[in-house]
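Engineer: Here is how the chains run, residue by residue.
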Amino acid sequence: MLCAQKQPEGQLLGLVVGVPAIVNVDDGIVVALSALQDWSNVPLGAMLGGEFKCHVVVENDTNLAAQGEYYRGAAQGEKDFVFITIGEGVGAGIFVGGSLHRGSQWSAGEIGYLRVPNISREHPTIHKYGKLEKLLGAPGILKSWRATKGPGTRPKANHAADVFDLAAAGNAQARQLLKQRATILADIVLDLALILNPSVILLGGEVGNHPLLQQEVESLLQGSEFAVVRVRLGALGSSAVLWGAICTALEPAVLGLLQAKSPAS
Amino acid sequence: MVKTSSVLSSTQRAKQGRLLTQIDACEVLQTLREQDFESRAALRRDCGLSPARLSAAISFLEKKGLVEELGQGNSAAGRRSGSLRINARYGYVIGLDIGGSNLRIALADMKGTVLGKWSASTKRTSSPDMVIEQVRKGVTFLLQQTSVPRRSLLAIAAGAPGITDVDSGVVVATSYLRGWRNVPLRSLLESAFHIPAALENDVRVAAIGENWLGAARGVPNFVFLAIGTGIAAGVFANGKLIHGIDWTAGEVGYMHVPGTPEKAAERGAPGSLESTIGGDGIRQQWLRLCEGPGVPLNRDLTATEIFELAHAGDMRAASVLNRSAQVLAYAVYNISLVLNSSLFVLGGGVGMSVPLRDATQRFLQQYNEPVRPKLIISSLGQDAQLIGAIRLALNKVEAGVGLKL
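Chains A and B are the protein sequences, given in the same order. Heads up: the first sequence begins at 1 in our numbering, then just goes up one per residue. Heads up: the second sequence begins at 1 in our numbering, then just goes up one per residue.
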């Protein structure tokens, strides 16, 4: 890309990387990654820093997506919000008081392991997707769709979003499947709303970013007795992580403007 | 290099210097909160300030009378070097715990040492004016008892049971003190005592207490979980309380976990989680067992007594304990997944039961990572709120000192 833009490598000031993993942002270490078992305590920041002579930040991809929505998307001006992504897996990026909440061991928002009603109990290990994640993620939805029996022929769906599109077009079985997933998602949203009392909860990701799912979840929550929260779709779609990475790269600390020691003096 | 002199006038720079001293003074005060220091050098190691800046901050605080330096001698550098501590008798503060059935008041000095306590029943005191009147009575009593002159009172702070708007100092709504809607409690206290007042939700106040002097001393990420008749959480994230957009963060009594009723509760009724493992929910479970076959059971037990009975080996009580611990473990696990908090401090009448803590911790131990939260019982017990309120009042005083240069 630098070649294509005819820019010398020395002009590169910052590099921000999003990974689907628990990341120690201070040290640039990928602590654990649920899909790839080989990744455990990988010093990705140091590795990339050796390759590119610039400031490197490694961050959880969902946290970056939340940053993106905060700076450029549907969460502009919202200091307390949650971005839930549902794609292959499920995760949340949490903003408290205008900045990301990462928790005491960098794993805040790992909601794929939540124990909610309607899901059988299973003890997850860190390298395995949570039970909830298995159901709610794209593979789980496609699996359920393929197992669906009913009157007439079942239309083909290559992506989880296709199933939701079929629901929107009036397919009864697809509608039922969506309703069931929305029930689970509503319980997750309720937990997040009660614990954090955010101004809005955004849905994103290949599965989550669907208007019908959002409508269904919001109508399920209307009856809840406490903490009625706005549920909206993210505005940046699949670009949210990239936007978050760019906004992070443009922060003064990354650009080297806020260094502990001034190199000049 | 940019020359600051060309950008700022000398007046601006003097102002900047004063501001820096104020900030440093706050830092020094916060460090002295934890302990006394035997010398300036020892204090400097903890504050990380340069000798000149530390010296400016200390003389600022000494001039105010907030800090005292004892046994001053002359060190080699000619700089004074005696032991440093907060002047406990600089002034006094009042902490209030306005509960559903009791009003408790404590008077403390600048180091937070409680000099006197007073309490009264609030069962027949429903209106805010009547509560203020009771507070007035209690404070007068405490001032007499401790021989503290009224003008030495510097601030007052209260924990209130309900949704509390900390910015405007208003109790938005409460379920215990009937009729409290949008009560401007902070300004009521300020006009009653003519001193600065602070207000916070009772569970968060207790969390402040535990973070200052209790089981979560200095822990930046933890959850104080109060389980009594209701259930609520006070959450510390990165050393700060989470309040939420409508001041309702931590209302976890309404959470849904496996084993709680699926149907949404009516507005104003206990939430799903608290109807299962709140004090009344546990007694309901027990009463159902009392209706069943077998040796007659004592129907009039509290949740804590039922758990003690389970601990003593009673099988039916054990089934209640087991079910409660399982549901509590789910709730704790879910909260810790969302926040990645590794420490939970349990408080409240039910939450402080040791058998409940032990059984819940056993359930949590069965889960694998990503999180394995540790449960500990509040070390301040029912004083957590009073201690937290004292801390809030002291914060108010310290902030005021910083502002009035």
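Simulated from the structure, these hints should not be mistaken for lab results. Be a bit skeptical, because a hint or two may be false.
So the derived list for chain A, only partly shown, Cβ under 8 Å to chain B, looks like this [to be verified]:
id : residue
1  : 5
2  : 108
3  : 187
4  : 196
Note that the structure is a prediction, hence the values are computed from the model and not measured. Here a beta-carbon is modelled for each residue, glycine too, at the ideal position from N, C-alpha and C.
Engineer: The structure should be examined with respect to each hint, and the outcome stated for every one.
Structural biologist: Against the structure, the hints come out as follows:
1. 5: violated, 32 Å
2. 108: holds, 4 Å
3. 187: Since the shortest Cβ distance to chain B is 5 Å, the answer is holds.
4. 196: holds, 5 Å
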